[in-house]
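**Q** If you want the building blocks of each chain, they are given just below.
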Amino acid sequence: GDSVTQTEGPVTLSEGTSLTVNCSYETKQYPTLFWYVQYPGEGPQLLFKVPKANEKGSNRGFEATYNKEATSFHLQKASVQESDSAVYYCALSDPGYNQGKLIFGQGTKLSIKP
Amino acid sequence: EAAVTQSPRNKVAVTGGKVTLSCNQTNNHNNMYWYRQDTGHGLRLIHYSYGAGSTEKGDIPDGYKASRPSQENFSLILELATPSQTSVYFCASGGDWGEYEQYFGPGTRLTVL
Chain A
3 GDSVTQTEGP
13 VTLSEGTSLT
23 VNCSYETKQY
33 PTLFWYVQYP
43 GEGPQLLFKV
53 PKANEKGSNR
63 GFEATYNKEA
73 TSFHLQKASV
83 QESDSAVYYC
93 ALSDPGYNQG
103 KLIFGQGTKL
113 SIKP
Chain B
33 EAAVTQSPRN
43 KVAVTGGKVT
53 LSCNQTNNHN
63 NMYWYRQDTG
73 HGLRLIHYSY
83 GAGSTEKGDI
93 PDGYKASRPS
103 QENFSLILEL
113 ATPSQTSVYF
123 CASGGDWGEY
133 EQYFGPGTRL
143 TVL
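Protein chains in written order, with our numbering: chain A, 3 to 116; chain B, 33 to 145.
Hint data in this document are derived by calculation from the structure and do not stem from the laboratory.
One or more of the hints may lead you astray.
Said to hold, decoys possible - Here are the computed lysine to aspartate or glutamate pairs in the EDC-like style, where the Cα-Cα straight-line distance is at most 16 angstroms:
| hint | chain 1 | residue 1 | chain 2 | residue 2 |
| --- | --- | --- | --- | --- |
| 1 | B | K43 | B | E131 |
| 2 | A | K111 | B | D91 |
| 3 | A | K54 | B | E133 |
| 4 | A | K54 | A | E44 |
| 5 | A | K54 | B | E131 |
| 6 | B | K97 | B | E111 |
| 7 | A | K51 | B | E133 |
| 8 | A | K51 | B | D70 |
| 9 | A | K70 | A | D4 |
| 10 | A | K111 | A | E10 |
| 11 | B | K50 | B | E111 |
| 12 | A | K51 | B | D128 |
What the hints assert, rightly or not - Below, a sample of chain B positions facing chain A; criterion: calculated Cβ distance under 10 angstroms:
| hint | residue |
| --- | --- |
| 13 | Q38 |
| 14 | H73 |
| 15 | Y82 |
| 16 | A84 |
| 17 | G85 |
| 18 | G95 |
| 19 | Y96 |
| 20 | I109 |
| 21 | A124 |
| 22 | E133 |
| 23 | Q134 |
Cβ atoms here follow ideal geometry from the backbone N, Cα and C, with glycine treated the same way.
Taking the hints into account, I'd like the entire structure generated from these sequences.
**A** Below, the structure written as structure tokens:
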């Protein structure tokens, strides 16, 4: 079945350093890919989505490219801030097989030290 | 502003008791979902619904029932609560055809003693 695997956390970085959270997926269809962010005490919120292969999504300085050949969707940010401390989830929606359902990775907890 | 709300936000229940978690959405979405979140497991789908009157089993439905009496409301029911159901529960709406993204509520922290 469909699956999503992402960088195992927790990840601790210093403010101003660069971030990469790896995300790899398995599916037989053509998914839309998502990154969600969850701040402490809140529900997950959509960071951005990318519906088409070879396109890039971005929001709040974060970006990821939908790489169909490598089946990857790595999250990157050039310079992290303390306010980026959160849990990040990669997810896919497989319209052909699990209509409406999202398959989430296990989440990566990110902590940024000032 | 469109939103997903959950009640209660915190709940302490006794083993064997009945617990009902409620969710309301003003997004006018057809689809609604219930997840639980546990350390090491991320988000796991319990039940979902495609519209009023419909409920479908997710990946971990055992011990849970769901009810969708209207477009706006979706409830999760624990008939006989157990300590293993202690968790944080999230409701979401969305996933409608062509959009797929889901919008989450703030969560309910349930403790079963």
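**Q** Run every hint past the structure and note whether it holds.
**A** Here's how the hints hold up against the structure:
{"no.": "1", "hint": "B:K43 to B:E131", "result": "33 angstroms, violated"}
{"no.": "2", "hint": "A:K111 to B:D91", "result": "23 angstroms, violated"}
{"no.": "3", "hint": "A:K54 to B:E133", "result": "14 angstroms, holds"}
{"no.": "4", "hint": "A:K54 to A:E44", "result": "29 angstroms, violated"}
{"no.": "5", "hint": "A:K54 to B:E131", "result": "13 angstroms, holds"}
{"no.": "6", "hint": "B:K97 to B:E111", "result": "8 angstroms, holds"}
{"no.": "7", "hint": "A:K51 to B:E133", "result": "8 angstroms, holds"}
{"no.": "8", "hint": "A:K51 to B:D70", "result": "24 angstroms, violated"}
{"no.": "9", "hint": "A:K70 to A:D4", "result": "15 angstroms, holds"}
{"no.": "10", "hint": "A:K111 to A:E10", "result": "8 angstroms, holds"}
{"no.": "11", "hint": "B:K50 to B:E111", "result": "5 angstroms, holds"}
{"no.": "12", "hint": "A:K51 to B:D128", "result": "15 angstroms, holds"}
{"no.": "13", "hint": "Q38", "result": "8 angstroms, holds"}
{"no.": "14", "hint": "H73", "result": "7 angstroms, holds"}
{"no.": "15", "hint": "Y82", "result": "7 angstroms, holds"}
{"no.": "16", "hint": "A84", "result": "15 angstroms, violated"}
{"no.": "17", "hint": "G85", "result": "16 angstroms, violated"}
{"no.": "18", "hint": "G95", "result": "20 angstroms, violated"}
{"no.": "19", "hint": "Y96", "result": "16 angstroms, violated"}
{"no.": "20", "hint": "I109", "result": "20 angstroms, violated"}
{"no.": "21", "hint": "A124", "result": "8 angstroms, holds"}
{"no.": "22", "hint": "E133", "result": "5 angstroms, holds"}
{"no.": "23", "hint": "Q134", "result": "6 angstroms, holds"}
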